[in-house]
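Student: Chain by chain, the residues run as shown.
Number of protein chains: 2
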Amino acid sequence: MLVVKKFGGTSVADKDRIMNVARRCIRDYQAGNDVIVVLSAMGKQTDVLIDMAKEINPNPGRRELDMLLTTGEQTSVALMAMAMDVLGVPAVSLNAYQVAMHTTSAYGNARLKRIDTERIRHELDSRKIVIVTGFQGVNKYDDYTTLGRGGSDTTAVALAAALHADKCEIYTDVDGVYTADPRIVKKARKMKEITYDEMLDLATLGAGVLHNRSVELAKKYGVQLVVRSSLNEEEGTVVKEDVKVERMLVSGVAADKNVTRISVVGLQDKPGMAFRMFDALAKANINVDMILQSIGRDNTKDISFTIPRDMTDDALKALEDKKDALGAQDIKCKTTVAKVSIVGAGMMSNPGVAAKMFECLYNSNININMISTSEIRVTVLIDEADVEKAMNAVHESFGLED
Amino acid sequence: MLVVKKFGGTSVADKDRIMNVARRCIRDYQAGNDVIVVLSAMGKQTDVLIDMAKEINPNPGRRELDMLLTTGEQTSVALMAMAMDVLGVPAVSLNAYQVAMHTTSAYGNARLKRIDTERIRHELDSRKIVIVTGFQGVNKYDDYTTLGRGGSDTTAVALAAALHADKCEIYTDVDGVYTADPRIVKKARKMKEITYDEMLDLATLGAGVLHNRSVELAKKYGVQLVVRSSLNEEEGTVVKEDVKVERMLVSGVAADKNVTRISVVGLQDKPGMAFRMFDALAKANINVDMILQSIGRDNTKDISFTIPRDMTDDALKALEDKKDALGAQDIKCKTTVAKVSIVGAGMMSNPGVAAKMFECLYNSNININMISTSEIRVTVLIDEADVEKAMNAVHESFGLED
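Protein chains in written order, with my numbering: chain A, 1 to 402; chain B, 1 to 402.
Hints in this document: simulated from the structure, not taken from any laboratory.
Heads up, some of the hints might be wrong.
Note that the list lumps identical chains together, so a pair holds whenever it fits in one copy or between two copies.
Stated by the list, open to error - With a straight-line cut-off of 25 Å between C-alpha atoms, the simulated BS3-like cross-links for lysine-lysine are:
1) K54 <-> K128
2) K334 <-> K167
3) K167 <-> K356
4) K190 <-> K167
5) K15 <-> K44
6) K140 <-> K128
7) K54 <-> K15
8) K128 <-> K334
9) K54 <-> K44
Taking the hints into account, I'd like the entire structure generated from these sequences.
Tutor: Below you can see the structure in the form of structure tokens.
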């Protein structure tokens, strides 16, 4: 069996943890498997390097920043190979250039294009554990690139896809995917299985266990993902196409507090107004999420939408610049909102799920600002202060603790 | 003009020094020159990385150690490019793989085979300062290698040779090559010029300004070297083929205390004994330096030789194993010895230089243990305690302070 195992920065933060991870991988190796290990930089090393850079240049170029950051994973893979060697198992570390991980040229946010598997296959054939730098790639100029936040998950899934691995295990500091964040919902339950689509929605909606690009990639190539804890031996959660167990209506509840609602009030009701507004936001690189349009007074319309909270200032600036062109009367902004979502592949064939959620929130006296739905998801925008109450109520109402 | 400038670890140890080096290089750039900068790892970073490795594996494999160590220079070149950028000058950092610096496969002690110059030329043509990692290379397996101690000097000279640079400046913490170590000989004088051969002998004999491999390479390709201080604007010492000034008989005095003398006493006087002995030492990877053979008693012979002091234990072990096979009566070892050498291209055509040195030592009441000479060098082995006295006496006797 060929297994890809990915460990994040906290799992390799110091000598003892590195030895632990080494032992864990060696167990798989000694059971006769081919083992590929993908590592992030040690602990907070990436942040340390960014601080070093900013001390010299407050606004370092992305090309040179990637050149600097890629030293982080190269350090952790080399140390891991030494750890395995001292434990008596042959291992070899490879960075993005050695593998070769070909990416697009976008420094800081590159996308994988193609992975050469020859070197890895050769090393596996000589019965070595292969340790690969996560998060990094090489572009057509032979320059190092990085894949953006959570990029090591993507590296692991891409390797699993390219090498037709039997399993891709993502080790993290939680022991699987839960029906809701256990810090908020005490009765949250770990799921044994979840579909790619459900996981994608949960990832996008703020359940930060896996990076959504890695889930997309796993779905595209049918890579079986397992989310497990690096701290214990729990079985974790399997992410795959078809889930065997009887589908629950709803499989999980997620909340996202990184939200601002902006309302543009009194727009002229003529064609092209919405386009101009969202075009201005797109040009400022702002992702718009939920959108609600309503009829205002005097033949005008109001448009409300949500954006990531850390982009509030940029969005307001972009809109103020266009305010006159849009003929808008007012721009309102509320930062104390949050999204709560339910996700479940079972929803598709079961009408009434959304209604049940709204009823539950009404019974808990929680006001709904905006609603957005997809085939397997219902999202409501509520006051941030109500998030905990809402999640617990919804979690109980759909019987997720059982 | 194309200039290669090499700065060691102390010159880039922190933010302020990095900014200083950046400004210094920018001055050359703004004068219209093409500038290539070769850097070592910051401060003691290489030692820090070795310590990290040894904490995990007391005897780390050389392949993985090189994978780890090469992150050191990659960090310093990326930060330097950011420093130049913040000062408004376009710069690009390149590591051994990006350049490409092809080396032999010997991890930890590789030799440069070939340098691709296309990428560097391209970056220079677009008027960027090119910052290259010293000390490192890539072998035929696409693995990183390192060039051994002082390897960054070699990188700089090799780049200067491959690109036909007009000048290769080695910046260090002394401001040039002296007639003797100024810490020992107070009247030591900085030389304006010195030949490759003299520099080679001085480097080999313990004047640690330049690595001898870099001098060999400079001689082979006729690269004009300049040794300068990174701390001041002094002109430094030029190392080249022909020196214009009237040749002094002797240009410098050097001492080396990393010496042990070993004597193998009462060897059977039959063919092959010396071969067997030095073969045993060669197999133990021990460099033998001065050798003296003398007739012993009863048709036996004695052989004395010097080795680096840190190899004493290894050498004694290798000899003890062969003692019976060699029929040796005794093996003696003295670690409190040192080599003092005079070097000078003028010696070749001037007999009597060695005699003058011996006379001077005799007048100072210093006993000579062994003697070794070449066309431009005389080396004597004396008691370690006499080194300071000997150097000052010889320095004065040859009038080197003028």
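Student: The structure should be examined with respect to each hint, and the outcome stated for every one.
Tutor: Results for each hint:
no., hint, result
1, K54 <-> K128, "between (39 Å within a copy, 21 Å between copies)"
2, K334 <-> K167, "neither (44 Å within a copy, 63 Å between copies)"
3, K167 <-> K356, "neither (37 Å within a copy, 79 Å between copies)"
4, K190 <-> K167, "within (20 Å within a copy, 66 Å between copies)"
5, K15 <-> K44, "both (14 Å within a copy, 20 Å between copies)"
6, K140 <-> K128, "between (29 Å within a copy, 19 Å between copies)"
7, K54 <-> K15, "between (28 Å within a copy, 11 Å between copies)"
8, K128 <-> K334, "neither (55 Å within a copy, 47 Å between copies)"
9, K54 <-> K44, "both (16 Å within a copy, 21 Å between copies)"
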